[in-house]
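Chemist: The primary structure of each chain is shown beneath.
There are 10 protein chains.
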Amino acid sequence: MAYNPDASIPCSNVTRRNPPDAFSELFGAKARHGLTFEQIAQAMNKDEVWVAALFYGQAKASEEELRALGAVLQLKPEWLSAELGPRWYPNRGIGPIPPTDPVIYRLFEGVLVYGHAIKAVIHEKFGDGIMSMIDCKIHVDKKEDPRGDRVVLTFDGKFLPYAKW
Amino acid sequence: MAYNPDASIPCSNVTRRNPPDAFSELFGAKARHGLTFEQIAQAMNKDEVWVAALFYGQAKASEEELRALGAVLQLKPEWLSAELGPRWYPNRGIGPIPPTDPVIYRLFEGVLVYGHAIKAVIHEKFGDGIMSMIDCKIHVDKKEDPRGDRVVLTFDGKFLPYAKW
Amino acid sequence: MAYNPDASIPCSNVTRRNPPDAFSELFGAKARHGLTFEQIAQAMNKDEVWVAALFYGQAKASEEELRALGAVLQLKPEWLSAELGPRWYPNRGIGPIPPTDPVIYRLFEGVLVYGHAIKAVIHEKFGDGIMSMIDCKIHVDKKEDPRGDRVVLTFDGKFLPYAKW
Amino acid sequence: MAYNPDASIPCSNVTRRNPPDAFSELFGAKARHGLTFEQIAQAMNKDEVWVAALFYGQAKASEEELRALGAVLQLKPEWLSAELGPRWYPNRGIGPIPPTDPVIYRLFEGVLVYGHAIKAVIHEKFGDGIMSMIDCKIHVDKKEDPRGDRVVLTFDGKFLPYAKW
Amino acid sequence: MAYNPDASIPCSNVTRRNPPDAFSELFGAKARHGLTFEQIAQAMNKDEVWVAALFYGQAKASEEELRALGAVLQLKPEWLSAELGPRWYPNRGIGPIPPTDPVIYRLFEGVLVYGHAIKAVIHEKFGDGIMSMIDCKIHVDKKEDPRGDRVVLTFDGKFLPYAKW
Amino acid sequence: MAYNPDASIPCSNVTRRNPPDAFSELFGAKARHGLTFEQIAQAMNKDEVWVAALFYGQAKASEEELRALGAVLQLKPEWLSAELGPRWYPNRGIGPIPPTDPVIYRLFEGVLVYGHAIKAVIHEKFGDGIMSMIDCKIHVDKKEDPRGDRVVLTFDGKFLPYAKW
Amino acid sequence: MAYNPDASIPCSNVTRRNPPDAFSELFGAKARHGLTFEQIAQAMNKDEVWVAALFYGQAKASEEELRALGAVLQLKPEWLSAELGPRWYPNRGIGPIPPTDPVIYRLFEGVLVYGHAIKAVIHEKFGDGIMSMIDCKIHVDKKEDPRGDRVVLTFDGKFLPYAKW
Amino acid sequence: MAYNPDASIPCSNVTRRNPPDAFSELFGAKARHGLTFEQIAQAMNKDEVWVAALFYGQAKASEEELRALGAVLQLKPEWLSAELGPRWYPNRGIGPIPPTDPVIYRLFEGVLVYGHAIKAVIHEKFGDGIMSMIDCKIHVDKKEDPRGDRVVLTFDGKFLPYAKW
Amino acid sequence: MAYNPDASIPCSNVTRRNPPDAFSELFGAKARHGLTFEQIAQAMNKDEVWVAALFYGQAKASEEELRALGAVLQLKPEWLSAELGPRWYPNRGIGPIPPTDPVIYRLFEGVLVYGHAIKAVIHEKFGDGIMSMIDCKIHVDKKEDPRGDRVVLTFDGKFLPYAKW
Amino acid sequence: MAYNPDASIPCSNVTRRNPPDAFSELFGAKARHGLTFEQIAQAMNKDEVWVAALFYGQAKASEEELRALGAVLQLKPEWLSAELGPRWYPNRGIGPIPPTDPVIYRLFEGVLVYGHAIKAVIHEKFGDGIMSMIDCKIHVDKKEDPRGDRVVLTFDGKFLPYAKW
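Just so you know, the sequences run in chain order C, X, H, B, E, S, V, G, Z and Y.
Residue 82 in UniProt numbering sits at position 82 of the first sequence; the count goes up by one each step and never skips.
Residue 66 in UniProt numbering sits at position 66 of the second sequence; the count goes up by one each step and never skips.
Residue 13 in UniProt numbering sits at position 13 of the third sequence; the count goes up by one each step and never skips.
Residue 53 in UniProt numbering sits at position 53 of the fourth sequence; the count goes up by one each step and never skips.
Residue 89 in UniProt numbering sits at position 89 of the fifth sequence; the count goes up by one each step and never skips.
Residue 156 in UniProt numbering sits at position 156 of the sixth sequence; the count goes up by one each step and never skips.
Residue 88 in UniProt numbering sits at position 88 of the seventh sequence; the count goes up by one each step and never skips.
Residue 8 in UniProt numbering sits at position 8 of the eighth sequence; the count goes up by one each step and never skips.
Residue 79 in UniProt numbering sits at position 79 of the ninth sequence; the count goes up by one each step and never skips.
Residue 65 in UniProt numbering sits at position 65 of the tenth sequence; the count goes up by one each step and never skips.
Hints are supplied without guarantee of correctness; some may be wrong.
Below are the DSBU-like pairs computed for lysine-lysine, each with C-alpha atoms no more than 30 Å apart in a straight line [as the list claims (entries may be wrong)]: (1) G:K142 - Z:K143; (2) S:K76 - Y:K164; (3) Z:K164 - V:K137; (4) S:K164 - Y:K125; (5) G:K164 - V:K46.
Chain X side only, calculated, beta carbon under 8 Å to chain V, not exhaustive [stated by the list, open to error]: (6) P77; (7) T100; (8) D101; (9) P102.
Simulated from the structure, these hints should not be mistaken for laboratory data.
Here the structure is a predicted model, which is why all the values come from computation and not from measurement.
Where is the CB? At the ideal position from N, CA and C, for every residue including glycine.
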């Protein structure tokens, strides 16, 4: 296997690399087996959002998780390990700023419109600090509703108080 | 009362108006009475995130809600109605892009890192459409945890399928 | 009256002047008399979108139109003429790019998502040219619908073919 | 067929993928048969703007719509389904910001010049909320006029009131 | 011939397609025959600026003009018609903003330094409206001068008054 | 008189100073006497575009020109000399980039659409160099036309060949 | 005391509020007493970088720290508490992006030039995660050197591994 | 060997070249031998951050350092010398601005939040000048801590006082 | 005297403070006495470019230099010391990016057009390193020439080789 | 030879073409013969900065200069003439804005920090006008100094006074 150093190099100021072939392979295998992220996640004992993030090169799997992924997608574990194993680290953050796709823009709009309100309530509830996006778990749930089903998107992140020194 | 048309005019390409005096008054009264958003929200039978959004000029209250707000903050209802009543509409979207404050940046980072994963899972669960940020309810909850308390931030938005025509 | 030359000078690269006092007066008088744009428009025999554009400093009224505006708002015609009359020309184009307010962003999203489709259909129907935004009339109508009322926004603009020379 | 995961991955901050080959095929078939969007739309019982949006990768067709499209363009339905079927979702929003092409810039100019007026009239007619660009139908019509034909561009979008909670 | 749909698709937010091969062919043929834009323009009975715009993909020729172009460049008319004929429409607006090349930057500097003066004089001479860049003819002339020859660049554009409605 | 050093200091990265009071005075006096730029220009034996540029702080008058300006506007020459005389130099370049006002945007669009064609023709006619925007004279003329009057905008700039060394 | 809600509201997209008067008072008192950040920090038993961050509105002091600050600067504790006490939270992130001041730009250049190398070494030493800038202590030390003294700038931040879920 | 001039040419305004093949080779050899930057650095008697910078094309090795690098990676010295030797100079500065990867963004956030405090302390300790990022040595150390290990990142840069003349 | 902490705080992302009153005083005194930068520089035994930089808040004078400045401008030394003395440090970097004023833009154009050539020659003459802009002396000289006088602008900066570690 | 029209077409808004093959050939030949820019310049009787600019596609050589270049690099003159001869004109302005490479950024920093001072001194010495970057000669000299060698960078540009008309 040819180790692809590009996989973790943003090669320019604004344009970043195309997803390396490994990710194309993941999407291809998912399509070939007709699997959803939910099904893959169940087989891996993970959440589907985390699994989707893995497919977009935005999360890093352990060797054990790669084996589970290889099992469900019928991909060779040594290939997965060579491509996405111990030597690869994600280069996170993809897509245009501001986002142009309406689904992703709506999340961004949430930051623009409700960001200061969320910040104020966090401060009142927790004090001076932040909600971690590193130690954070994200879920997308479907809540059925006769007036129109609802998407329930949850961020569950550790509160980190500011250090003083 | 002098009706302030500036309150809904973004006066330039990138710089928008300071929050009108009415909002300063709201923050001042909140401080004077030593109230939290949670306490004001309980008195108004609303969620604290929505109430905080109202204070930042990012939500619009009905006449009845303004009366409830006036009652808890001891502000004259006619003044509130003149300032923030039927003739005023929010000009939404505040703060720098990308956000520089770490609390708000973390939400933005969530869009950059997990936006495509969330989009993919929404599509698999709901089909082609978006999670509305207009018909959306947002909550900030505190989950106690011995390893460090956690912020649970929930977006509960209606799924809107794309029209075809 | 002090002629305000600032009214037509964008004074910087990105920050433009606040709306001059004349526009504050217009909004103030509208509020004082409890009038809607629709009512003012009917009294002036104009469309409400054009009248609203006039209040935001984005359209120019003739002397006769200023007289009609003065009559409905009970403002002195000579004052209106001095402020917004023959010597004043709009400096058009307001608000942040991209827009942050969700109402205005949705129009912008229409350009992002459907702009190329609209361009392609215009070319197939009319040939090489543009839809004028100068000789263009814009209407906002309400279409009642039991599943939720609809906004019908119409741009009626002259087709202009490209010159050749 | 090789499932192309790139088709829904914006691979960088500002540069997005080229349209996948499937769209080139659509344009090629349209040219080969000498069809206009209007003719394809009639054959599919759809509007030409929606059909053009589909060609630009900005709309998603159902399996049935793909069959109709395949029929009029003489493309194999299984190929269309594999490329643009259940596993593909559009990544919406294309072209530079601000637009540089004069046709599309004029639409953008409409947002800059008339956006606040349109917002104000929507609020007066409907209250606090937005015109949906998701549940929105767009038409381009030709109105003949001896002084120069006119383009009539209509956005017919559902009004969505802001949630309160 | 393979119809190239890319020719009218700006494929990203800021990066646009390379000029399609047809334009490379035009430049190649011009070089092969050692022709200037002036000579091609004379043979086509057109202005050299318009012809240069055509070579840069910024103007659209009629079938008749393509035949004249083919005659002077010795290119097959059916090839020209297939590439740049009835199915192709320019995607206008090329180069970085602000321009970096000194020749083009000087034009841009003219907008920055003299734009408001030109606007003011147009308003005084014509009223509220614009100089069309669509119905506009542009010429570059050489004026000999012993102190240094001068470039005389003329924009001759129709005045368009703003519609009222 | 208080010498205003701000008049030549751009005080920030993107936001520049408001036009100093001297320019407000010029516009005020022009309005008070009901003069057009053309009339002022005739009295000063100058072109109206240059005079308008002077009013926008984009050109510099000599002492003699300030005296002529003072005579036509009935402003004291010593005041003009103190404000705009030997110690003041313009800080050129005003307005947003890209311009948002439709009149000025059209000039900018000319650069986007025709800039490369103009550059190519200048090179063919003059060789490697630029059209100076410093040694450049600009005129706006009205050409009457039954199909709609035309604006003839002329840039007459010295050609400057590139130095070699 | 008038609670200043502006102190935590970034009032626009790019322009943020001036530092509130409280910070001017802090700088004024520091100057009045001729104190350095180092001296204030010693009196407060804190590091000078943290104290300087407090003066720039980028850190939050506890009530006890405000009392210590008041003691060294001879400012009334109740005033400090009212201005910067429990109801105030910093809006962090100041200055232009990219920084223009050479001192701050050099730090930014460190990110541009060495950011990927630092990231790679962190990953090799710690695995997939980040160095926290929230639980981070920063020191500036002077290292004397006959060839020129050296600045030793240390970031001591907690490593945070990415959550999986 | 074909000298690759691209290696030092940023070929566009915002997009820069992919790392030349030489760097891919370095990463490939490092992977092939299963070496860490720390191991390579020890073999070269250098710091691991500097070595990582070399792999990302952000530092320049001497001929002797290239020989040491070739020895540890088992690459031919003449090839290394031809590619990265005396004729090659780094084009420094990679990745998007602001950075999107959370590891690198945190460093950037340090500039945003603590930049002015660091600048103020440097001035108090050293006077008017800067910390050089050219004569600067950077280290990443791991400090074990039962509450979570810590990253200690040190910049050791020469202080440069401003010249006066 | 009220110490002005604003003088060294850039208060926002893109907009920086107006020059503090001290600088207005400097410009005012210079105008009052009819002095040029050259004359002030001679009296201070400094170069006129450095003196002009001081007036624009871009350089820092010692106490002795402030005394010399006060002597030539007839300003009280204690006032100068309080305003611009030991507690004040410049916040460097002013004006829009890219510059819009033609004089300053030409310098910027020099970077765009000749930057890579200058870099290449510096590397060939000196090796891997930079020309310091901190230990740099800048002169503007007038070279008379019958074909038009010439500006000779010289940057004399120390070469700094890159550290290795 | 295939005339390469791309060589003078900036094909996008921000991304410009890679340097055409001709420039790669120049760099390759320079490397092959182990020549410095200084040596090539001496052989061509030109300055090394101008020659380097030529290699980066930022200057245009005459036929005679191409012959001299061909002689020193042992490249065929007809090939050089076909590639870079009468039909090719540079598209000037390369690299990111602001520059990220520290060498080039330092020049840019000179514009940010000293631009206004340089402008003020030019105005005092020459009046209202600019230093031409077109009729400008640039030199890089090495000044040996025991405390560290110095780079002396000189811009020798014609002063151009503003036209009046």
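Chemist: It remains to establish, for every hint, whether it holds in the given structure.
Modeler: Hint check:
1. G:K142 - Z:K143: 59 Å, violated
2. S:K76 - Y:K164: Measuring from Cα to Cα gives roughly 23 Å; hence the hint holds.
3. Z:K164 - V:K137: 26 Å, holds
4. S:K164 - Y:K125: 25 Å, holds
5. G:K164 - V:K46: Roughly 35 Å separates the two Cα atoms, so the pair is violated.
6. P77: Given a least distance of 21 Å, the restraint on X:P77 is violated.
7. T100: With Cβ-Cβ at 2 Å, under 8 Å, it holds.
8. D101: 5 Å, holds
9. P102: 6 Å, holds
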